[in-house]
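Using numbering that gives the first Met the number 0, read the sequence shown as starting at 0 and increasing by one per residue.
These are calculated hints, taken from the structure and not from any lab test. Virtual Cβ for every residue (Gly too), placed ideally from N, Cα, C. Be aware that a few hints might be false.
List of simulated lysine-lysine pairs, DSSO-like, C-alpha gap at most 30 angstroms [what the hints assert, rightly or not]: (1) Lys243 <-> Lys198; (2) Lys194 <-> Lys243; (3) Lys104 <-> Lys194; (4) Lys26 <-> Lys243; (5) Lys26 <-> Lys198; (6) Lys243 <-> Lys24; (7) Lys294 <-> Lys104; (8) Lys269 <-> Lys286; (9) Lys24 <-> Lys104; (10) Lys194 <-> Lys24; (11) Lys198 <-> Lys104; (12) Lys104 <-> Lys26; (13) Lys26 <-> Lys194; (14) Lys243 <-> Lys269.
The following label-pair restraints were derived from C-beta to C-beta distances [unchecked claim]: (15) Ile206 <-> Gly134: 24 to 30 angstroms; (16) Trp203 <-> Pro53: 44 to 50 angstroms; (17) Val240 <-> Glu131: 38 to 44 angstroms; (18) Arg282 <-> Ile206: 25 to 31 angstroms; (19) Ser185 <-> Gln11: 36 to 42 angstroms; (20) Asp232 <-> Leu297: 36 to 42 angstroms; (21) Arg223 <-> Trp203: 22 to 28 angstroms; (22) Glu181 <-> Arg34: 40 to 46 angstroms; (23) Leu200 <-> Gln11: 32 to 38 angstroms; (24) Ile17 <-> Arg184: 37 to 43 angstroms; (25) Pro27 <-> Trp203: 26 to 32 angstroms; (26) Asn57 <-> Arg197: 41 to 47 angstroms.
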Amino acid sequence: MSELIGLYVDHQMTSPFIMAQHSAKIKPIANNLARSGVLLIATCLRVEVYGEEPALRNVYSTIFSGFLCERIEGASAIAQRLAEIASGAHSQILGENYIADQLAKAIERLDQHFPIVQIVRLAIDIGRASRERQGFIASFNYDSIVRNIIADRFRCGDLPDRLYMIGAGMLGRELIRSGVGERFRSTIIVTRNPKTLRKRLRAWTDIEVALMRPADIGLAREPRSVVVIATVDVNDEYQAVLQKALLRLEPRGIVDLSSIPVLSNAAIGKLNYVTMYDEEFLRFIEKNNKQLVPKIPLLLPDIEATLRTAQIHLSARPRSS
Numbered sequence: 000m001s002e003l004i005g006l007y008v009d010h011q012m013t014s015p016f017i018m019a020q021h022s023a024k025i026k027p028i029a030n031n032l033a034r035s036g037v038l039l040i041a042t043c044l045r046v047e048v049y050g051e052e053p054a055l056r057n058v059y060s061t062i063f064s065g066f067l068c069e070r071i072e073g074a075s076a077i078a079q080r081l082a083e084i085a086s087g088a089h090s091q092i093l094g095e096n097y098i099a100d101q102l103a104k105a106i107e108r109l110d111q112h113f114p115i116v117q118i119v120r121l122a123i124d125i126g127r128a129s130r131e132r133q134g135f136i137a138s139f140n141y142d143s144i145v146r147n148i149i150a151d152r153f154r155c156g157d158l159p160d161r162l163y164m165i166g167a168g169m170l171g172r173e174l175i176r177s178g179v180g181e182r183f184r185s186t187i188i189v190t191r192n193p194k195t196l197r198k199r200l201r202a203w204t205d206i207e208v209a210l211m212r213p214a215d216i217g218l219a220r221e222p223r224s225v226v227v228i229a230t231v232d233v234n235d236e237y238q239a240v241l242q243k244a245l246l247r248l249e250p251r252g253i254v255d256l257s258s259i260p261v262l263s264n265a266a267i268g269k270l271n272y273v274t275m276y277d278e279e280f281l282r283f284i285e286k287n288n289k290q291l292v293p294k295i296p297l298l299l300p301d302i303e304a305t306l307r308t309a310q311i312h313l314s315a316r317p318r319s320s
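Kindly produce the complete structure, drawing on both the sequences and the hints.
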């Protein structure tokens, strides 16, 4: 077997928005890469590939064209990098908890016998454990930031009406499970496939949500409702439908958690629209990171020591002849 290597570019090497655009462009080839034994980790803040050197040599120009990427060699170095990512040490919101689940989802595409799969699983376990030991946990995660923004919209004593969650992927589901809709009279998940989503939500015996198609939003104005956009699967047609629906609805506020904002300020008119790139959102990230930056010098050595203690000498593997 050839040596395992990794290549990556992330938001610390370019702007978060440019990274999000590039990630969206690369994601569609994940399955093709997986068939070649190449793991693609494409989140809103990073594009990373891991696998045997010959396989990565064949995809380098496709994935990193126009970017200066970093290279890491050997299984041990890869495990360290991935464990740090799983801990939230390389996230824009330091200590956030969603990235480990994204890593776990990324390896589902690969044949589970590939060595990189075992490395990722180990890295996730170590990253999560170190995160807990060192208290490297975001005080302002996505759910708490959304709660704070919603609270700001209802400071005058008005009671929230309905929460519309556009998107039922991992982030949307976790936001609902975290209780962001508990102040609202009801929570509605907006989906283009209610029948499919209803099956996925059968396990939600403790949470009440209604389902609605995008075109059915805004049959009446709801000035005490809030919309949270938590989806990345938006084509031009869906974008147009959402835009018309939200203009009809006229909610108290719209929080767009998409890495590439679904709407533009010009399209949304005078509606109160906040994206992850706006100052209001970034202030919470800055406050969170200020609390956690001092813990990084404790977190990273903890991850490294755990890898050593577990006697992970993954870099010493026989080369293929």
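Hint check, failures only: Violated: none.
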